[in-house]
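With chain U held as given, fit chain B onto it using these hints.
Chain order of the listed sequences is U and B. Here the first sequence is numbered in this note's numbering, starting from 1 and rising by one per residue. Here the second sequence is numbered in this note's numbering, starting from 1 and rising by one per residue.
Each hint can be trusted.
Quick look at which bits of chain B chain U covers, simulated, 3 or more residues with Cβ under 8 Å:
| # | segment |
| --- | --- |
| 1 | 65 to 79 |
| 2 | 153 to 164 |
| 3 | 181 to 189 |
| 4 | 284 to 292 |
Under 8 Å between C-beta atoms, here's a sample of chain B residues computed to sit facing chain U:
| # | residue |
| --- | --- |
| 5 | M104 |
| 6 | R148 |
| 7 | L211 |
| 8 | V213 |
| 9 | T231 |
| 10 | A295 |
The set of hints was computed from the structure by calculation and includes no laboratory data. All C-beta atoms, glycine included, are put in the ideal place defined by N, C-alpha and C.
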Amino acid sequence: MPQRLSVIDVDRCVGCQSCMFACARRLGEGGLAGACIGVRSAGGIRRGFVVVVCRACPDPPCARVCPTDALVLRPPGGVRLRAELCIGCGNCVVACPFGAVFWDSAQKKPQICVYCGYCARYCPYDVLALEEIEALAPPPPPAAAPPPEG
Amino acid sequence: MLPNDPLRRVLYVDLSRRRFWVADRPDLFEDGLGGTGVAIRLLEEECSPGADPLGPENPIIFAVGPLVGLFPIASKTVAVFKSPHTGNLGESHAGGRSAVALRMAGYGAVVLRGASPTPVYIVIDGDDVYFRDASALWGLRSSATVGRVIRERERGAGTRTIMRIGRAGERGITYACVVTETYRHFGRLGLGAVFGSKKLKALVIAGRRSLPVSDRKAYRETYGAIFRAATESPLMQKYHELGTAMNVLPLDAIGALPTRNLRSGRFEGAEAISGENLARHYLGRRVACAHCPVACIHLAALRLPYPNDPYFYKTVMLGYDHEPIYAVGSLLGIGDVAGMLQVMDETETVGLDVMSTGVTLAWATEALEGGLISRQETDGLALAWGDWETYVGAIRRIVDPPNDFYRALGRGVEYAASVYGGADFALAFGGNEMPGYHTGPAGHLTYLTGARHSHLDSAGYSLDQRAAAKGETLTPEGVAEALLEEERWRQVLASLVVCFFARGVYTPEVVQRALAAAGMDRSADDLARLGAETLARKHTFKARQGFDPARLRIPRRILETPSPLGTLDEDFLRRAIAHFFRDAG
Numbered sequence: 001m002p003q004r005l006s007v008i009d010v011d012r013c014v015g016c017q018s019c020m021f022a023c024a025r026r027l028g029e030g031g032l033a034g035a036c037i038g039v040r041s042a043g044g045i046r047r048g049f050v051v052v053v054c055r056a057c058p059d060p061p062c063a064r065v066c067p068t069d070a071l072v073l074r075p076p077g078g079v080r081l082r083a084e085l086c087i088g089c090g091n092c093v094v095a096c097p098f099g100a101v102f103w104d105s106a107q108k109k110p111q112i113c114v115y116c117g118y119c120a121r122y123c124p125y126d127v128l129a130l131e132e133i134e135a136l137a138p139p140p141p142p143a144a145a146p147p148p149e150g
Numbered sequence: 001m002l003p004n005d006p007l008r009r010v011l012y013v014d015l016s017r018r019r020f021w022v023a024d025r026p027d028l029f030e031d032g033l034g035g036t037g038v039a040i041r042l043l044e045e046e047c048s049p050g051a052d053p054l055g056p057e058n059p060i061i062f063a064v065g066p067l068v069g070l071f072p073i074a075s076k077t078v079a080v081f082k083s084p085h086t087g088n089l090g091e092s093h094a095g096g097r098s099a100v101a102l103r104m105a106g107y108g109a110v111v112l113r114g115a116s117p118t119p120v121y122i123v124i125d126g127d128d129v130y131f132r133d134a135s136a137l138w139g140l141r142s143s144a145t146v147g148r149v150i151r152e153r154e155r156g157a158g159t160r161t162i163m164r165i166g167r168a169g170e171r172g173i174t175y176a177c178v179v180t181e182t183y184r185h186f187g188r189l190g191l192g193a194v195f196g197s198k199k200l201k202a203l204v205i206a207g208r209r210s211l212p213v214s215d216r217k218a219y220r221e222t223y224g225a226i227f228r229a230a231t232e233s234p235l236m237q238k239y240h241e242l243g244t245a246m247n248v249l250p251l252d253a254i255g256a257l258p259t260r261n262l263r264s265g266r267f268e269g270a271e272a273i274s275g276e277n278l279a280r281h282y283l284g285r286r287v288a289c290a291h292c293p294v295a296c297i298h299l300a301a302l303r304l305p306y307p308n309d310p311y312f313y314k315t316v317m318l319g320y321d322h323e324p325i326y327a328v329g330s331l332l333g334i335g336d337v338a339g340m341l342q343v344m345d346e347t348e349t350v351g352l353d354v355m356s357t358g359v360t361l362a363w364a365t366e367a368l369e370g371g372l373i374s375r376q377e378t379d380g381l382a383l384a385w386g387d388w389e390t391y392v393g394a395i396r397r398i399v400d401p402p403n404d405f406y407r408a409l410g411r412g413v414e415y416a417a418s419v420y421g422g423a424d425f426a427l428a429f430g431g432n433e434m435p436g437y438h439t440g441p442a443g444h445l446t447y448l449t450g451a452r453h454s455h456l457d458s459a460g461y462s463l464d465q466r467a468a469a470k471g472e473t474l475t476p477e478g479v480a481e482a483l484l485e486e487e488r489w490r491q492v493l494a495s496l497v498v499c500f501f502a503r504g505v506y507t508p509e510v511v512q513r514a515l516a517a518a519g520m521d522r523s524a525d526d527l528a529r530l531g532a533e534t535l536a537r538k539h540t541f542k543a544r545q546g547f548d549p550a551r552l553r554i555p556r557r558i559l560e561t562p563s564p565l566g567t568l569d570e571d572f573l574r575r576a577i578a579h580f581f582r583d584a585g
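Chain U with its partners taken away, still in its complex shape:
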């Protein structure tokens, strides 16, 4: 069953960035450049944190705006990047309302969650979990406009 990452309880987040470092370390790197998950304060640390993850949309806007079809749908939700098709236009970054499409500034291409759950294993406070996606059907295409009268 396909899985996705889920933010279970953001109020438990302490902003330690262990998830971000884990995501980068997946590739065997230190640092943060490779992270496809982001934690920032909700307008100052006193207000707590925002955890930005790809929610594996069934009808993802990032894929819809890709001019080269480099973002391939992964049923029932989410996308996979075919980097060889990507021209680095950045439309997908703008299209995601959560800011969950991250940017590889070396390759000038998006970097998107692969739903592996490695980050959740390093969250000390159970903020994150992998969960199975319910088989949601994508919303039906809009009904064709009625033919103009007359």
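Using the frame of chain U, we list chain B on its own:
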């Protein structure tokens, strides 16, 4: 060091000429590793013996180490400078996001030189450096507002650090701090005043990059082992649950909690200001430094009513720790938790080091009681133990001094006592105000002998507590040798730069494994040598700047109030000091 590791890059920023450049300095990092080991070498290059701490010739140096950005709890930045508070070595460590941000921006160290003619804040964004006008930010009432304004204007949310000063730093109060990420501080020895002397209101550092490792598989394994040790250790769990405030009750129970300017080691209000009580009634959030799973930062949610507006409240979120609780709680006789938190809030607002502030006000209270000063000096304030509202007023006067007395308080307790008397109860060591442990001789010897005159230099308080628990007898030579060994090892941790709270996790073997992942193979002997050499360099720097251990002042008060290990003996302390510096070479 791996050839493509950006650690070797040192960013130089000249505020006088508003220029910057990068130097490739692998030599510094091969020899000194990073952090304090590199910072002291840079200070030797940048700071001459006669430098005026508040003149443009005083450099500010920030350094991080090879483990930052690679391993958890390698989360601290070391700042060094010449201290305007002691006129000698200034060194202060802070977490927040400062260390990871500096490493992710692609540097091992930053050197700030010169002084700007007009207020600026500096943004280091990867390879770019910007000088931004800060004239409109100068003089803002609250350091928190400075952070908020810059947060909204600059990019990099989530991974940047915003270091800033309050009005105390602008005004050159010698124990002004630098606040980073609202709740962490380069607290001690007056870095805030050095920022202010350079007209530097804030320093923003941001970046996002990858770091190379020597062996990917070994790196992940070592990471996993350190992460598990850190998250499963009972001590680290305690740092998470109660934070450093866990110390209040145990210290009070053994009579080691300095109370009312150390007239006593026990405080009848200890229960109220304890970590347990704060967690039960005030804890609003726990926060971590970047890349630290422990999350020891505790924020109190303080709900305050408005006196003339029924049913209207504001909620203030305030960081608390053992040291501020001691300094403006027990030491000032304040057992009213909400009052104590409001004193802390005022020190944060103006940007003062809360420890030096509390000790200075405790001396002033006793000086007023004893008639060394009168209400004329205090500008009418009847400073009295427990009266937190009056202390809030006094803090405002330190920053906006109405007279010479408050100007003297703005230079710390050592100076104030040199003018008004009362040195016997002026609790400072090497010119730096006392931390919150009256555990016995070793604790005080750490304050006396430590390169920073900080309790964290060699943690003698823990030596005292162990001796008390085991019924051991301490000797001057034994204490001196143990403290020297500890301070040398802490030079290694502060070079990596690992938080001292994780010293139990980062054993010498673990440090070697972690360093190997960063391509720095070091034997146990290499590390021991580095620790000893780094400390020796600090002692040499201090001696050149006029420090003489034989002339260290021992406040009489610490000899009068019995410690858990009995009444302290000056001769014991003097012998230990002499032994320490003889062995240190």
